[in-house]
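Residue numbers (the working numbering), protein chains in the order written: chain S, 18 to 115; chain E, 435 to 605.
None of these hints come from the bench; they were simulated from the model. Keep in mind that this is a model prediction, so the values were computed, not measured. Among these hints, one or two may not hold up.
With a Cα cut of at most 20 Å, we get these calculated EDC-like pairs of lysine to aspartate or glutamate [claimed, not checked]:
hint, chain 1, residue 1, chain 2, residue 2
1, E, K602, S, E103
2, S, K114, S, E103
3, E, K520, S, D106
4, E, K602, S, E87
5, S, K109, E, D518
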Amino acid sequence: MLLGPALAVSAVLFTIGVAGVLIRRNAIVIFMCVELMLNAVNLTFVALAQRLGVSGQIFVFFVMAVAAAEAAVGLAIILAIYRHRETVDLGKINLLKG
Amino acid sequence: MTTTIFWAFAAIAVGSALLCVTRRSPIASALWLVLTLFALAALFVILDAQFIAVLQVLVYAGAIMVLFLFVIMLLNLGRAGPSDRKGALAWAVAGALGAGLLVPLAGLARAAPPAAIQLPEGTMAALQQQQGLVGAVARPLFETYLVPFEITSLLLLAAIVGAVVLAKRKL
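Same shape as in the complex, but just chain S (with noise of 0.2 Å):
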């Protein structure tokens, strides 16, 4: 029940979360978008998981845990450029350009 519009909510889900990776600059920002493809993601596992057996949810509970101990570092990560370089821009940071 209801499958198709659960793939394509999440397919439009994702699909803005990659649009918003590309027209952004705040890493914060960018995060968020990450966030937001991942939740997409949870959501097709959720919607098979309907049809296909509650594995499916499991995956959603690894995905989340994984989304979490990603949140920590990436956060972290991001507090030690700022205090460095005193921005989060990434048209800014760009030590590693050759």
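Given the coordinates of chain S, work out where chain E should sit on it, guided by the hints.
Chain E only, in chain S's frame:
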């Protein structure tokens, strides 16, 4: 009725996701993302995943987004920077790439898993009736997926240590 509620929450999720991406201030972006996460939790309930919906509100909207807001306010980034959003060229590229991604992904909406591996309609609801909302998720988590579950705890430990080391000024 269920379909109407589904589309209402789907519209809220998509609309607030768009606002999250386009608002200039990071605080506004974060708050719109919280609304998206709540709407997604409602969709999870409609899709027979009540326990996951509770986790979504507790972990995502409750913990992760508070961490985001905390960092934004700690770094005093609440005001929008002048160069936060890229120029018209980046918008065009993002639009084109987004459309190019959406077309193949939208094909998913018509795809269905092969009938041979599909469970009959209403299996999940019956399972939840029988084992309880939490039990239906907990039983496979602690039986079939016990090893991945334990490895997740190692991942979280590594994340804690990593976050402390990275955020500390001097060790």
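Comparing the hints with the structure gives:
With a CA separation close to 16 Å, the supplied pair K602 of chain E and E103 of chain S stays within the 20 Å bound. About 19 Å separates the Cα atoms of K114 of chain S and E103 of chain S, which keeps this hinted pair within 20 Å; it holds. Distance check on the hinted pair: K520 of chain E and D106 of chain S sit about 11 Å apart at the alpha-carbon level, within 20 Å; holds. A threshold of 20 Å between alpha carbons decides the hint, and for K602 of chain E with E87 of chain S the separation of about 17 Å falls inside it, so the pair holds.
Only pairs whose Cα atoms come within 20 Å are accepted, and K109 of chain S paired with D518 of chain E is accepted, the gap being roughly 11 Å.
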